[in-house]
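Colleague: Please build the complex by placing chain B on the supplied structure of chain A, with the hints as guidance.
Spelled out, the chains give:
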Amino acid sequence: MRKTLILCLFFHLSCFAQNRELLYNFTSIPQSSLVNPGADVSYKYYFGFPVLSGISANAGSSSFSAYDLFADNGVDFNQKVRNVINKSSSRDKVVTNQQLEIFSGGLRVGGRDSKSYVSFGVYQEFDFFMFVPKDLALLALDGNRDYIGKSFNLGDLNVKAEVLSVFHVGFHKKVSDKFVYGGRAKIYSSGANATSTKNSGYIYTGQQAGTPNLYNQIISSNLELKTSGLASFTKDEYEGNVARDIANNTFFNGSLGLGIDAGITYYIKENLQFTASIIDLGFVRQTKDIETLTYKGTYQYNGANPDFLGFDDPENVFDEFDEAIPRDTLYNKYTTWRPTKIYSSIQYSFGEARPDDECNCRGSAEKYYKNAVGVQLFGMSAPREPLVALTAFYRRNIFRKLDVKATYTFDTFSNKNIGLGLAGTLGPVNIYALVNNILEYKDISKANSMAFQLGINFVFQDKE
Amino acid sequence: MRSRSISKIFSIFFSVFLLFSCSSELDFDQVNDFKLEPVLVANLAYFDILANKLVDDGGTNIYPDVRDFDIFKDKFFNERLKKAEFDFEVENNINRSFIINMILLNAENQPLQTISFAVPSYKGTPNVIKYPTEVFENTRLDLLKQTQRIGFVVIITAGPPLNSESLGNLKLRSSATAYLVIE
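Top line first, the protein sequences correspond to chains A and B.
Residue numbers for the first sequence follow the working numbering, so the first one is 1 and each next one is one higher.
Residue numbers for the second sequence follow the working numbering, so the first one is 465 and each next one is one higher.
Isolated chain A (complex conformation) (with noise of 0.2 Å):
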């Protein structure tokens, strides 16, 4: 059972990158002032679908993919897990964000005339973030008997995870029409956090020429897991169900923090677009049911040495380690940062058209461009080093409110990453539908990243 949940979460880990490039700066989808809150998105009003308005899942793993680890192609399982893990270095990474959003809405504030809008809602995310701690796994698949001399690295073990609310309110205001403007302010609860991203040590077996032992091993670890909202279902004494726990704290109990998103979007010249943004710059204060583990120290092991000098001096391996490296357990609350992303974007358009199928009565509708090409990009903090993607983007206008978007991005997971998107709005009905990495398609599971998005909105826009 402990064996399937570890490797359930393994995979379910292994699966899923953070980067939203279709969704970025598609402006007839109201989701996207999530990741621009200053993009150029008008409306009376609108609101989402309750739960069904932003459903996203993204998963990358830079070295291995579903069908190398669950193939069924007559090749040992055990098999495939070692391929896996010899084909990956301590600097592949697995990264996963889901989102969903419970609701959100928003209007326009200040009258007929105005063009400055309020936004506001409240979606759940859960992120993960790992290094594949390749020397850790070698240990536990191989043991040391065939790596005499070598040092398994301790810091290869870099992971963290955060379950969470994020209660928003946004503004943003079309100033002119050259610039948007736009912030947003967020409350994060965090119902559960784990973040073990400090680690550093060994674990060595060598052989030395004049040492009297035939082996010299060593421990030297700086091990450190922080913990927040999770210590309580380690207790012998829980009885409880801990996915609705932990879904009651994410959004009533959790541990709370702040963060703020900005962005802008400036018309260069009218065919010529720059915009950028800043998403989660902010930070969670871990406070609730907190539990920091700590192993710190050094022990060299050397068996059993009798001297035969007739003294008793027992030997006791299990209290000599549980004295050298000490299993401390700290309650400090502590802080951890979002993981903050920046997008920025260069868009050229073409194609001039007049809504031709609308009535055009007052003579006053606007021109538009069918057609946009532009760049992208991405960057997001991690531990050790950012991550960062570039996209390039073609945009079009199939009819006045039928949208697609294509991309092609290159990324730590994939350099030939091209996805599709599709938004369309039938009267007040708004449905989007992203998908990247759609090459992989014709076999999902050999991909090495995935992401999806859809949902529904009621968007309603003044009456002609």
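These are calculated hints, taken from the structure and not from any lab test.
Built from N, CA and C at the ideal position, the CB exists for glycine as well.
Careful, some of the hints might be misleading.
What the hints assert, rightly or not - The calculated DSS-like cross-link candidates involving lysine-lysine, where the alpha carbons are at most 25 Å apart (straight line), are:
#	chain 1	residue 1	chain 2	residue 2
1	A	80	B	499
2	B	537	A	296
3	A	446	B	499
4	B	499	A	87
5	B	537	A	235
6	A	134	B	499
Said to hold, decoys possible - Simulated coverage check for chain B against chain A, where a stretch passes if three residues somewhere in it have a Cβ under 8 Å from a Cβ of chain A:
#	region
7	495-501
8	508-516
9	526-536
10	612-622
11	631-640
Modeller: Okay, now just chain B, sitting in the frame of chain A:
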């Protein structure tokens, strides 16, 4: 008319998305076959006795010592240990021959097994002996798992007397190899 064609395009796109998403046959039940089979090596025991500490008259003498060895108290390790091997290496630079006995003792100090090594005396040439690997499987492994202490007995056999001026030493180095299966 317009809205009907839009909805048609929508449904085409969505079904294309769905058609795209094929997947190779995956078998998640393979997880149940998952097992770790690490092979661990560790120091077992060592000693280094100087000849000048073995003052004797040239007769047969016995030097005993007993050490705690509590690794098998660890349930996780004990239950997953499928096979063990002990390797021994003795270097004798004393011109006396020895018998080294390693006695595995249970919690009540009852001997479970004795491993014995005959060590020839030093003749002026390098005298390092590697003994055959002691393999513990099945019933022998079960006995090993009850081990809580290890007794070492060094028996020095008759030969030229040793005094505080005598040169040389008797060294033992040994390692254990543990074959674990964790599933």
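Colleague: Each hint should be assessed against the structure and marked as holding or not.
Modeller: Hint-by-hint comparison with the structure:
At roughly 12 Å between alpha-carbon atoms, residue 80 of chain A and residue 499 of chain B fall within 25 Å of each other, so this suggested pair holds. A threshold of 25 Å between alpha carbons decides the hint, and for residue 537 of chain B with residue 296 of chain A the separation of about 24 Å falls inside it, so the pair holds. Proximity of residue 446 of chain A to residue 499 of chain B is assessed by CA-CA distance (about 24 Å); at most 25 Å being required, the pair is judged to hold. The straight-line distance between the Cα atoms of residue 499 of chain B and residue 87 of chain A is roughly 19 Å, inside the 25 Å bound, and the hint therefore holds.
Note on residue 537 of chain B and residue 235 of chain A: the hinted pairing holds, with a Cα-Cα distance of about 24 Å set against a maximum of 25 Å. Proximity of residue 134 of chain A to residue 499 of chain B is assessed by CA-CA distance (about 17 Å); at most 25 Å being required, the pair is judged to hold. For the region 495-501 of chain B, the stated coverage by chain A is satisfied: 7 residues place a CB nearer than 8 Å to a CB of that chain, which reaches the threshold of 3. Taking a C-beta to C-beta cut-off of 8 Å, the region 508-516 of chain B contributes 6 residues in contact with chain A, enough for the three needed, and the coverage statement holds.
Coverage of the region 526-536 of chain B by chain A holds in this model, with 9 residues showing a Cβ closer than 8 Å to a Cβ of that chain against a need of three. Counting residues of the region 612-622 of chain B whose CB falls under 8 Å from any CB of chain A gives 3; the rule of at least 3 is met. Residues of the region 631-640 of chain B with a Cβ under 8 Å from some Cβ of chain A number 5, which satisfies the need for three, so the listed coverage holds.
No hint from the list above goes unmet by this structure.
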